[in-house]
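Engineer: Make a model of the complete structure from these sequences and hints.
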Amino acid sequence: MIELSNVSKTYGSGESAVHALKDVNLRVPKGTIHGVIGLSGAGKSTLIRCVNLLERPTQGSVTVDGQEMTRLSGSALNQARHRIGMIFQHFNLLTTRNVYDNVALPLELMGEKRSVIKERVLPLLEMVGLADKAQQYPAQLSGGQKQRVAIARALASKPNVLLCDEATSALDPQTTGSILELLRDINQQLGITILLITHEMEVVKSICYRVSLISNGALVEDAEVGDFFTAPVTQLGREFLNDFLQLTPPKELLERLEAAPGPATHPVVRLTFSGDAVSTPLISRLARDCNVDVSILQAKVESIQDRTLGLMIAELLGSEAQTREAMDYLQSHQLQVEVLGHVQRTS
Amino acid sequence: MSSALVNLILQATLDTLYMVAISGVISTLVGLPLGVLLYATRPRQILAQPVLNQVLSIITNVGRSIPFIILMVAIIPFTRMLVGTSIGINAASVPLTIAAIPFVARLIEGALNEVSPGLVESAQSMGATPWQIICKVLVPEARGGIITGLTITLVTLVSYSAMAGAVGGGGLGDLGIRYGYNRFNPTIMLITVVILVVMVQVFQSVGDYLVRKSDRK
Ligand SMILES: Nc1ncnc2c1ncn2[C@@H]1O[C@H](COP(=O)(O)OP(=O)(O)OP(=O)(O)O)[C@@H](O)[C@H]1O
Ligand SMILES: [Mg+2]
Numbered sequence: 002m003i004e005l006s007n008v009s010k011t012y013g014s015g016e017s018a019v020h021a022l023k024d025v026n027l028r029v030p031k032g033t034i035h036g037v038i039g040l041s042g043a044g045k046s047t048l049i050r051c052v053n054l055l056e057r058p059t060q061g062s063v064t065v066d067g068q069e070m071t072r073l074s075g076s077a078l079n080q081a082r083h084r085i086g087m088i089f090q091h092f093n094l095l096t097t098r099n100v101y102d103n104v105a106l107p108l109e110l111m112g113e114k115r116s117v118i119k120e121r122v123l124p125l126l127e128m129v130g131l132a133d134k135a136q137q138y139p140a141q142l143s144g145g146q147k148q149r150v151a152i153a154r155a156l157a158s159k160p161n162v163l164l165c166d167e168a169t170s171a172l173d174p175q176t177t178g179s180i181l182e183l184l185r186d187i188n189q190q191l192g193i194t195i196l197l198i199t200h201e202m203e204v205v206k207s208i209c210y211r212v213s214l215i216s217n218g219a220l221v222e223d224a225e226v227g228d229f230f231t232a233p234v235t236q237l238g239r240e241f242l243n244d245f246l247q248l249t250p251p252k253e254l255l256e257r258l259e260a261a262p263g264p265a266t267h268p269v270v271r272l273t274f275s276g277d278a279v280s281t282p283l284i285s286r287l288a289r290d291c292n293v294d295v296s297i298l299q300a301k302v303e304s305i306q307d308r309t310l311g312l313m314i315a316e317l318l319g320s321e322a323q324t325r326e327a328m329d330y331l332q333s334h335q336l337q338v339e340v341l342g343h344v345q346r347t348s
Numbered sequence: 050m051s052s053a054l055v056n057l058i059l060q061a062t063l064d065t066l067y068m069v070a071i072s073g074v075i076s077t078l079v080g081l082p083l084g085v086l087l088y089a090t091r092p093r094q095i096l097a098q099p100v101l102n103q104v105l106s107i108i109t110n111v112g113r114s115i116p117f118i119i120l121m122v123a124i125i126p127f128t129r130m131l132v133g134t135s136i137g138i139n140a141a142s143v144p145l146t147i148a149a150i151p152f153v154a155r156l157i158e159g160a161l162n163e164v165s166p167g168l169v170e171s172a173q174s175m176g177a178t179p180w181q182i183i184c185k186v187l188v189p190e191a192r193g194g195i196i197t198g199l200t201i202t203l204v205t206l207v208s209y210s211a212m213a214g215a216v217g218g219g220g221l222g223d224l225g226i227r228y229g230y231n232r233f234n235p236t237i238m239l240i241t242v243v244i245l246v247v248m249v250q251v252f253q254s255v256g257d258y259l260v261r262k263s264d265r266k
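Quick note, the sequences are listed as chains H and L, same order.
Going from the first sequence to this note's numbering is simple: count from 1 and add 1.
Going from the second sequence to this note's numbering is simple: count from 1 and add 49.
It is possible that some hints are incorrect.
What the hints assert, rightly or not - Only pairs whose alpha carbons sit at most 16 Å apart, straight line, appear in this in silico EDC-like list of lysine to aspartate or glutamate:
# : chain 1 : residue 1 : chain 2 : residue 2
1 : H       : Lys159    : H       : Asp66
2 : H       : Lys159    : H       : Glu120
3 : L       : Lys185    : H       : Glu113
4 : L       : Lys185    : H       : Asp102
5 : L       : Lys185    : H       : Glu109
6 : H       : Lys159    : H       : Glu201
7 : H       : Lys23     : H       : Glu56
8 : H       : Lys114    : H       : Glu127
9 : H       : Lys31     : H       : Glu4
Keep in mind the hints are simulated off the structure, nothing from the lab.
Structural biologist: In structure tokens, the structure reads:
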């Protein structure tokens, strides 16, 4: 439905040129929800703005619904944009129009008749749960309500595609949840393809099927959400995941952690396991088969879509040979083992 | 006070209102589109035309930097051509209008500048044409600032019309100079000043009221 091929975008030229996008390839199939995650300044907004040509790519092609966007201009481009809805971090509602008239705006722009507009706007307000607020002005609404109005407005022209630029970043977690739920409903009930960008893993986890990781203008990872959350390929991906899981060793442990093993140290490891490994009693087997005791410092189980992801920070108690054997054993059972450091034996 | 004098004051007040109204309306009709153009032709704006923008900007600046009293004299031939005379309230309205146009344009441009660029962007994402963006987004969203600008213009025109009047244009300024100053009649002088003050107050209050009414923030 959305296809970016070798898209590059450079702002400015010469020495001061900023390469905001570098040779980006992205395919979003019809009816799916695709997330793009990245740090601030990575080029997320530039990427999503290239889809509806708010930003014209310096190079490459952008097709939406089979139509090559970069060849369009003027009224043909405006026509194509009617089929692509967009919502923004700061909602961008007109302050001088009430809720009803805000949602009616895209239809007015298309030259629709008053009666047609009414028939379209009221059900949309119903759908986003704001039918009773039709006559209110944006200033009288909460952030979540404003975004609902913006969503209704974006859907007014019956688009096939919805672009969301940090749509929940200005909202509290609870409101974020309800907006994401609304987006999922829209995707499922209306079959609208959604491309969203965010810097929050929570958003990706909640509603995306696939996710791309953007770093310095390049897509460095593209995976199904379940895979990305269980086995990110890049260092940046792992950082996002660790931040999200908030599984960092306790401060007190970090202070004792030494980089290199000593004569009397235990390794401290971070174990990540998913799929079958979650339900296998590996810890007790370690004790039995390798003679290594496991002292669990932190543990967490997350379910990501249909997958279960387990995380653990643990100290492996045993001799050097035993603990090495234990780690090999764990790895052979599809666990990711990351040695965080070593601590002196206390007992 | 004699009834002749009262009539004189009444007539002068109406003359001032006439000059302010004529120049206010025409300068708005020209200055509003000019202000929109000054804004919309900026680089990276919806009608980006950097060269045209520079030209308009320079013309506007020149218009604004000529002292009114000099402008009034300098365009006398043009005024004659337009209204057939260089004295009276019709003649005075010409330089008033010319002076007010770039003033209005800059105030309108400033008001449009206050509209969040995000609104323009979201309208673009909906497939709005530049004309639609101007009519349905920029101008309505800037209406508070536009009314403020037009109020400032009217108030400025009141005092400029008094200046124009002083050099044979008629109106309250003329009256104040001729009777109050030349014939040393402090009562007349005071009355004209009071009327001017009241006029400014009324314009300002009405303007403020309209701004408040249009504000939905
Ligand atoms: N109009 C512009 N002119 C010049 N540079 C720009 C422009 N827009 C963006 N950039 C630059 O391009 C890079 C990517 O910006 P972009 O806004 O796409 O990042 P982002 O990932 O959306 O960041 P954030 O999360 O902060 O919104 C940044 O280095 C930014 O400074
Ligand atoms: Mg951004």
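Engineer: Against each hint, give a clear statement of whether it holds in the structure.
Structural biologist: Going down the list of hints, with the structure as the test:
A hinted pair counts as satisfied when its Cα atoms are at most 16 Å apart, and H/Lys159 with H/Asp66 qualifies at roughly 14 Å. In summary, the hint linking H/Lys159 to H/Glu120 is supported, as the alpha carbons are separated by about 13 Å, within the 16 Å threshold. With a C-alpha separation of about 15 Å, the suggested pairing of L/Lys185 with H/Glu113 holds against the 16 Å cut-off. For the proposed pair L/Lys185 and H/Asp102, the alpha carbon gap of about 11 Å is at most 16 Å, so the pair holds.
For the hint pairing L/Lys185 with H/Glu109, the CA-to-CA distance comes to about 9 Å; that is within 16 Å, so the pair holds. A distance of roughly 28 Å separates the Cα atoms of H/Lys159 and H/Glu201; the hinted pair therefore is violated under the 16 Å criterion. Taken as a hint, the H/Lys23 and H/Glu56 pair is honoured in the structure, with Cα atoms around 14 Å apart against an allowance of 16 Å. Between H/Lys114 and H/Glu127, the direct Cα distance comes to roughly 20 Å. Violation of the 16 Å bound is thereby established for this hinted pair.
Our distance criterion of 16 Å between C-alpha atoms is met by H/Lys31 and H/Glu4, whose separation comes to about 10 Å.
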